[in-house]
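Asks: These are the residues of each chain, in order.
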Amino acid sequence: MIKYLATASLLLAGAFLSTSLALAADPGITDTEIVIGDVEPLTGPPALLGVAASIGHKIAIAEANAAGGINGRKIKYVLEDDGYVTARTIQGVKKVTDVDKAFAMLGISGSGQSIAVMPLLEKAGIPTVIDVAPVKFLWEPPRKNVFVVGQSYEEGIIHLVNFLAEKNPGKKWGLITQDDDYGVTVRDGFDTVVKARKLNVVYSGNYKKGQQDFSSDMLQLKESGAEVFLAGGIIGENIAMMKELEKLNIKPVVGIFWPGRVEPVLKLMGPAGDGIYAVDYVEPFAGAAGKAFLEKAKGLLPEAEMKGINRYSMTGYAAAKVLISAIERCGKQPTWACTIAELEKTKNVETGIMAPISFGPGVRFSNQKLQIMQSEFSTLSFKPVN
Amino acid sequence: MQYFMQLLISGLAIGAIYGLIAMGFAVIYKSTGLVNFAQGEMTMITAYIAWTISTTVSGNVVVVALGAILAAVVLGLIIERVVMRPMLGEPVFATVMVTIGLAVILRSSINFIWDAYPHGLDVGFGRSIVRVGPIGVRTGQIAVIVTLLVLLAAIWAFFRYSKIGVAMRAVAADDRTALLMGISATRVHALAWAASSVIAGIGGVFFALSYDLSPAMFQLGLKAFPATILGGLDAVLGSGVGGLLIGITENLAGGYLGSGMKEVAGFAMIIVVLMIRPFGIFGERDIERV
Amino acid sequence: MRTGDFKQTYGELVTLVDSPPVWLWSAVLVAGLIAAPFVLNSYALSFLMIILITVVGTLGLNILTGYTGLISLGHVGFLVTGAYAYAVLVSKYQMHPLVGFLGAGVVPALASLIVGAPSLRLKGLYLAITTLAFSFIINTVILEARWLTNGARGISVQRPEIFGFSFDSDAAFTYLCLGFAVLTLFATLNIRRSRAGRAFVAIRDNDTAARVMGINLHAYKLFAFVTSAFITGLAGALYGIYLSFVSVEGFPFLLSIEALAILIVGGLGSALGAVLGTILIVLLPEATRFVFSLFSAQIDAVFTTGAQELKSMLYGLVIILFLRFQPRGLVGAWHDIRRMWVNWPLRY
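Residue numbers (my numbering), protein chains in the order written: chain A, -5 to 380; chain B, 172 to 461; chain C, 219 to 566.
Just so you know, the hints here were simulated from the structure itself, not pulled from any lab data.
Fair warning: there could be bad hints in the mix.
[What the hints assert, rightly or not] Residues from chain C shown here face chain A by an in silico Cβ test under 10 Å; the list is partial:
1) Y261
2) L361
3) A363
4) F463
5) E467
Backbone N, C-alpha and C define an ideal beta-carbon position, used for all residues, glycine too.
Sequences are here, hints too, so could you generate the full structure?
Replies: Dropping the structure here:
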């Protein structure tokens, strides 16, 4: 009996020792491997964004691995599905950090989900680069280990409205937004410009998330006589709105935001979707940079995943690239502390698909340069506007 | 007036789609006593199959329509045979729960078989716009209203005059007695599932025609279920009318009170109506004996 | 030798537990749960938290749907009201967390009086639709009442500190949830044994007969609504704290359906069923994940893009198969096993 106890306590002590030894190095890193974790909606309608983002991460990781990995270590990508349910995002992050022992994180799901996991990430201290849903809350106040690549919805809409206001002086304006945090930030940005430029807003709608029929909303827009219209829907909503406008026989100047700027939308809008303005911080796929990106992806991705690519793949790719290059700069023995320090030193990292990315001391937001694009029905693509 | 008319017509068009799916709910409830929580998902699958036919086989309206109906029948029969029939005689709650499990499977199968991108159903019909004065309507919207009205008449005649229709009413009224009279309950159930799948599927295809296909389409079921309740769960025709009422109410509320009120208005009307008629507008009062 | 189960007095019929071993095993279970935070990693612990929070919520729904037979498709409405009541009181107005929890119970309870009113006239699915309507309308109300709720922006919620004891760590918060779950379990079990509980069941089984026996239908139906909403609201507060961020989006309609699923899979009308059902439904995705990991190489090779969806299809399939072979739910299975254990080798 005593013998057993002795063995047991020895085993226990051994287990303790080995865990404490493991603690000396940061989790997620062995001599041959580095684990990068991610949680995205991979099922249900939001999979459109989650799958695309994860594909972007995969491209950057495959690219790094093809070049021999990070200083000889191959990157292992661990991806969890949250189905766009916040509670599952929290669990996904816990799984990735505790069970899979990720070294760093990319992602993470939608804006509400990112906000909800923020305390968790902060407590864990794991280096994280967020790319999917850049909202101010994620970098204000700056958190030591959380970096955000992208541009805020507010700035995006401010840029777009300023552009449209200059092009269409003295016109009447209409706006419709979704009744969630995304919609609120869009509205905030819009209001800023409205105040500054004293725009004449004649219609302001607020639709319920999941609404599919926009006939009454667009009819109100028509009645109001709006000449410039900001469609704050995401994908299906914007399509439905454009079709309604076509039916009502009006053609205001239309602006949309990047969450809805995916090419298949143009095909569905039909001729009604010709000439709509969009704002984004990644290059359009129709341009040289976009084509080069697709070409690169073709060599690194299985054929079946190619059709999942959209603008979120670009933002995902850029974020992964920034993270990988920071880990790389840490040399032979990367640690969390070093990775965070190097992320902070990120200066003009080129990704080829958006303006060079930089962070700095106390700056956790890359503040990407925005550009305006216009859709073209004949080629089903977005072209930059100068 | 013109504003009102435009709202009314759009309301009728979307209401007709709700109505068709609501009839799908009612057909199953009337003949099996179950609420099919997978109705919206079945509708979505039929629409996606119609889209696949249009892109792979032929974009001809007739081919797509017949193909979609056939697919809906097969879908309904398979579900009845494989999933629902084994549950015959089990507690109602467990059986309804099975439809919830089924809904999960069907919903996931969209991204599994197809993808999460929106798609447009193009059959060379339904997208052109007819203008009567200042009011614009798509031909597909007119077609769905007409289809609903025709179906309402046909179903009324079916339940009133055909032998099977009478049998279905008998099973609904008292399945044990119906069995004694030599009516096969399983056959009636199979027929109900197939019919429900087709009627709702037609609604789904029309939706895809006027709007677009997306994996979020199953939410139509959530809009149509209240319509069924409004019309009366056991009233097939009433459910169709219930759909129209909800569509109109939503659009009028959206047009006159603002977009935020759209969703709420439909529900508010249901609560008010149920306070006055607790079994729906056309539903039959349950007579209880102790 | 044990013989069948004979109850000789009325008191024996309504005792909380009918044999000492049950007390023993319950004590072992509680001890295990208390030890759990020391043993489990934070991922496993998050499942324990979710299970405990969900147990509170489903026990709340069980009073209404399981005991009284009033189907609710809108319980997420009470959940979100409770979460907001807590968030507004504690995060916005810096009140004591206990006041917050009280509010999280009372506000939904008041709301339930409005929702419960139609139940005096409606039955079955017709009632279900008014609760569904409530859950949609309450979302609109929350989004519109920006001055109170921040509208769509949501409210951040910290883990509470009560009387100097901080529930910030996962372990401590698990204990808080455990406390609520145990209290709720005792509360519902005792309600079931009381006069009110018997009235609820009588209403469920046949409301006309219940009325003839002198049960005030209106009062008891409303009472069921109020207690159910109160408990569900508490679960909402806990869920909001768990999410650390309360917004309408964090409480999707799906939760209402899932709560019903838990009750049915567990076995309708039984507190034990609510607990067992919660454990099964919460852990099911993890179980399917495990099954998947066994074949992950093959599955990834065949379905590069659809593997995740396949997983949720499997989830649906398990529910269907379970109900096919065990339509009385987990409680039914439990009773079968227990009977077999006691009566073996005889069948009865």
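Asks: Which earlier hints can't be squared with this structure?
Replies: 3
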